[in-house]
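Protein chains in written order, with my numbering: chain A, 26 to 687; chain B, 17 to 194.
Just so you know, these hints were derived from the structure itself, not from any lab.
Just so we're clear, the structure is a prediction, and the values are computed from it rather than from any experiment.
C-beta: ideal position from N, C-alpha, C; glycine also.
Don't take every hint at face value.
[What the hints assert, rightly or not] Restraint-style ranges between C-beta atoms, simulated for each label pair: (1) A:P359 <-> B:V31: 16 to 26 angstroms; (2) B:G66 <-> A:S472: 54 to 64 angstroms; (3) B:E189 <-> A:V424: 55 to 65 angstroms; (4) B:L21 <-> A:E595: 58 to 68 angstroms; (5) B:L77 <-> A:T616: 53 to 63 angstroms; (6) B:A129 <-> A:V473: 23 to 33 angstroms; (7) B:L21 <-> A:L508: 47 to 57 angstroms; (8) B:V31 <-> A:G56: 31 to 41 angstroms; (9) B:L77 <-> A:D416: 35 to 45 angstroms.
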Amino acid sequence: MIVEIGHFALILALVVAFAQGTVPLIGAHRGDALWMAAARPAALTQAVLVAMAFGALMHAYVTSDFSVLNVINNSHSTKPLIYKISGVWGNHEGSMLLWVLILAVFGAAVAVFGRHLPPGLSARALSVQALIAFGFLLFILFTSNPFERVALAPADGRDLNPLLQDPGLAFHPPFLYLGYVGFSVAFSFAIAALLEGRVDAAWARWVRPWTLAAWTFLTAGIGLGSWWAYYELGWGGWWYWDPVENASFMPWLAGTALLHSAVVVEKRDTLKGWTIFLAIVAFSLSLLGTFLVRSGVLTSVHAFAVDPARGVFILVLLLVAIGGSFALFAWRGPALMPGGLFRPVSREGALLLNNLLLATATAVILLGTLYPLFIDAVGGAKVSVGPPFFDSVFVPLMVPLVAALAVGPLLPWKRGDLAGALGRLKLAFVLAAAAVVGIWFVFDRGSVLAVLGLGLAAWLAVGVVVEIAGRIHLLGIAPVASLRRLLGLPRAAWGMTLAHFGLAVLVAGVTASSAWKVEKIQTMRPGDTVEVAGYTYRFEGARDVQGPNYAATRGRFTVTRDGEPFVVLEPEKRLYPVQQMPTTEAAIRSTFLGDLYAVIGDAEGNEGGFVTRLYFNPLVPWIWAGILLMVAGGVASLSDRRHRVGAPGRRPLTTEAASAKA
Amino acid sequence: MKRLLFLLPLFAFVVLAGYLALGLTKDPHVLPSVLIDQEVPPFDLPPIKGREAGFRRDDLLGQVSLVNIFGSWCVACRIEHPFLMRIKEERRVPLHGIDWREETLEAGPAWLARFGDPYTLIGDDPRSVAAIAFGVTGAPETFVVDKRGFIRYKHIGPLTPEVWEKTIGPMIEELRRQ
Numbered sequence: 026m027i028v029e030i031g032h033f034a035l036i037l038a039l040v041v042a043f044a045q046g047t048v049p050l051i052g053a054h055r056g057d058a059l060w061m062a063a064a065r066p067a068a069l070t071q072a073v074l075v076a077m078a079f080g081a082l083m084h085a086y087v088t089s090d091f092s093v094l095n096v097i098n099n100s101h102s103t104k105p106l107i108y109k110i111s112g113v114w115g116n117h118e119g120s121m122l123l124w125v126l127i128l129a130v131f132g133a134a135v136a137v138f139g140r141h142l143p144p145g146l147s148a149r150a151l152s153v154q155a156l157i158a159f160g161f162l163l164f165i166l167f168t169s170n171p172f173e174r175v176a177l178a179p180a181d182g183r184d185l186n187p188l189l190q191d192p193g194l195a196f197h198p199p200f201l202y203l204g205y206v207g208f209s210v211a212f213s214f215a216i217a218a219l220l221e222g223r224v225d226a227a228w229a230r231w232v233r234p235w236t237l238a239a240w241t242f243l244t245a246g247i248g249l250g251s252w253w254a255y256y257e258l259g260w261g262g263w264w265y266w267d268p269v270e271n272a273s274f275m276p277w278l279a280g281t282a283l284l285h286s287a288v289v290v291e292k293r294d295t296l297k298g299w300t301i302f303l304a305i306v307a308f309s310l311s312l313l314g315t316f317l318v319r320s321g322v323l324t325s326v327h328a329f330a331v332d333p334a335r336g337v338f339i340l341v342l343l344l345v346a347i348g349g350s351f352a353l354f355a356w357r358g359p360a361l362m363p364g365g366l367f368r369p370v371s372r373e374g375a376l377l378l379n380n381l382l383l384a385t386a387t388a389v390i391l392l393g394t395l396y397p398l399f400i401d402a403v404g405g406a407k408v409s410v411g412p413p414f415f416d417s418v419f420v421p422l423m424v425p426l427v428a429a430l431a432v433g434p435l436l437p438w439k440r441g442d443l444a445g446a447l448g449r450l451k452l453a454f455v456l457a458a459a460a461v462v463g464i465w466f467v468f469d470r471g472s473v474l475a476v477l478g479l480g481l482a483a484w485l486a487v488g489v490v491v492e493i494a495g496r497i498h499l500l501g502i503a504p505v506a507s508l509r510r511l512l513g514l515p516r517a518a519w520g521m522t523l524a525h526f527g528l529a530v531l532v533a534g535v536t537a538s539s540a541w542k543v544e545k546i547q548t549m550r551p552g553d554t555v556e557v558a559g560y561t562y563r564f565e566g567a568r569d570v571q572g573p574n575y576a577a578t579r580g581r582f583t584v585t586r587d588g589e590p591f592v593v594l595e596p597e598k599r600l601y602p603v604q605q606m607p608t609t610e611a612a613i614r615s616t617f618l619g620d621l622y623a624v625i626g627d628a629e630g631n632e633g634g635f636v637t638r639l640y641f642n643p644l645v646p647w648i649w650a651g652i653l654l655m656v657a658g659g660v661a662s663l664s665d666r667r668h669r670v671g672a673p674g675r676r677p678l679t680t681e682a683a684s685a686k687a
Numbered sequence: 017m018k019r020l021l022f023l024l025p026l027f028a029f030v031v032l033a034g035y036l037a038l039g040l041t042k043d044p045h046v047l048p049s050v051l052i053d054q055e056v057p058p059f060d061l062p063p064i065k066g067r068e069a070g071f072r073r074d075d076l077l078g079q080v081s082l083v084n085i086f087g088s089w090c091v092a093c094r095i096e097h098p099f100l101m102r103i104k105e106e107r108r109v110p111l112h113g114i115d116w117r118e119e120t121l122e123a124g125p126a127w128l129a130r131f132g133d134p135y136t137l138i139g140d141d142p143r144s145v146a147a148i149a150f151g152v153t154g155a156p157e158t159f160v161v162d163k164r165g166f167i168r169y170k171h172i173g174p175l176t177p178e179v180w181e182k183t184i185g186p187m188i189e190e191l192r193r194q
């Protein structure tokens, strides 16, 4: 019964989405306030209906209702509760429902927090949001119905892919989708602005917090995903340039560019067409990512839901959404008034450079990801594009980006003084050079590029500190006064500082972990010892253990350092009997300088020997710390009063809007 | 001029959508193979480091066997690897390997030492000599070769228990009876 209510709620949501996607749009066109006012209650109703549908599906999972096909295929009665819940989105139908739920929740949030928006803009944006929902609801109801029942309920389900039964992956999709779908708000506002024919500082001010929220979620989502790949796949790596990873990384890059160009629109009322373009691109790439993952056009280790029939539907959806918005952009974009001029060396110039580099990076990753498809479509060979390509094109684009990032925030708007800014960075240069020399001596086997990478990270980190020190006049005035200034800084400034500093930490982590990884693979019998990066691992043997829905072999290593006991590592190799699938559970001990990482493989010989893989992954914790700092930066900036979505149109906002119109 | 600039994204997208549509008409898992039911052309590969025997065409004669294309650089090969080990342990069928496009002499042997070696014979094929003979398009790929040395089936991508049960297992049974 509950399942049928869920299904019915979803159909009602489709009807509401259709109304919300048409009535306010027509109302805005005619200037009819009543029709426009329909948008807000419709958005709230739609969110409630989709939430009911989602709740019904979750109920079926939690109660293990095996009369529902989707539950049979993806759940099992012995599965722990948390994975029964995460199983809801661990499959195609459920994940699409989560997608629409998040879309509807964002729509409702715009309706609630956007009460102070100009009615025309708000009505149009909510309509566009509803049109997207309409397309996806059609898709779910016609090709991917999660509420399908079976005539004869089996005794138990087929269980969820064991790789997905993991806390990291349980929460990875919701965050990723909050990011993906969050860009829909910027997209809807961009379309609404094109329809209105007006983009101004006020528009940028409304769009920025939504973009920032989406960016923050996406950063967290990608971080969770690579953390999961790191400890669950057991290969000691955390990023593989896999098509599905790229599908989430491209919107992130475009979203990062959008975040920065929207600042220029807000402060300087220029780069408008470009910003609208980025808003469309960021969400289009999210849609494209969904298409790539769901259609089976590209094969990937991650693609666990593949069906060409659904691909056709999503392609049509892409054609309407992306093609339609680019057509609108081509039609209305040229009419956008160009804003203030600026010199190449200025804050705007630096942000433009950031945008060009990020956009180029997005474009090459798009090209690399789709290249196999292009070649196949023209009848060429099946090819795959791997990490060497991505590394060789992505890194050279990121080097100038990171190098310039230390300088950009030191440049004033309109017209900057490069020599002055570089002069303030003397300290950063000296410290970065010292870091390069120091690291060079510590790791005599180090690669030149890796050492320079760490130098770059140091340059950025010190640059960030120099910038904030300048803001609080550190050393220029009394320390107490400086401290007062520090505490008085707007949260948005803190946000920028944290995020940029996080990037420096991330760059250091990425560089060191790829350059100085130590990997030892061998067969070990109980009592054998192996030394990895100064730690001695003694294999104590392995025993069988029984989990709730799996059987495992658990190995035991006692790790000592200089003869002192350091830690006991217990990696597992699990077998999930229902799906007959093995998984590895790496045992990891993080230290400031890197991770001790142990994996146990297959049994070898008859004397209790096992294949073991022992790694030392330098600075990997820095990667997670860097991502956390970036997320913290996003949250801090989001909490800034000036960004607060609900903050009413205060004085500066209205005057700026008025002057922009003039 | 400016108008053209604003039209550019639309054009780019239309081209992209065209390719996506073409892509949908093709199943990435199904690849044309002109070599099905053809005799494997002669090849003679040297052994990989640490092994005595190489791998050549005539090794395929006399019994039904599988030929698996792998490489230490190939992520998907790691995915199918546990299943290949199972084939070896259960002695289902001789499984030969072609170690394809390794950049160093050590890479392939190190990979096998790390994850286990499921292969009866292995040939080292850094320059794609045998890979071209088999019509390989990527790794991993697995070929079913009959007693006379004819390619009878080609599986693209990681070998899974499902593929084994539905296709390859029954096919081997049938080829053995012939």
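Verification of the supplied hints:
no. : hint                                  : in the structure
1   : A:P359 <-> B:V31: 16 to 26 angstroms  : 21 angstroms, holds
2   : B:G66 <-> A:S472: 54 to 64 angstroms  : 28 angstroms, violated
3   : B:E189 <-> A:V424: 55 to 65 angstroms : 57 angstroms, holds
4   : B:L21 <-> A:E595: 58 to 68 angstroms  : 60 angstroms, holds
5   : B:L77 <-> A:T616: 53 to 63 angstroms  : 56 angstroms, holds
6   : B:A129 <-> A:V473: 23 to 33 angstroms : 30 angstroms, holds
7   : B:L21 <-> A:L508: 47 to 57 angstroms  : 50 angstroms, holds
8   : B:V31 <-> A:G56: 31 to 41 angstroms   : 39 angstroms, holds
9   : B:L77 <-> A:D416: 35 to 45 angstroms  : 43 angstroms, holds
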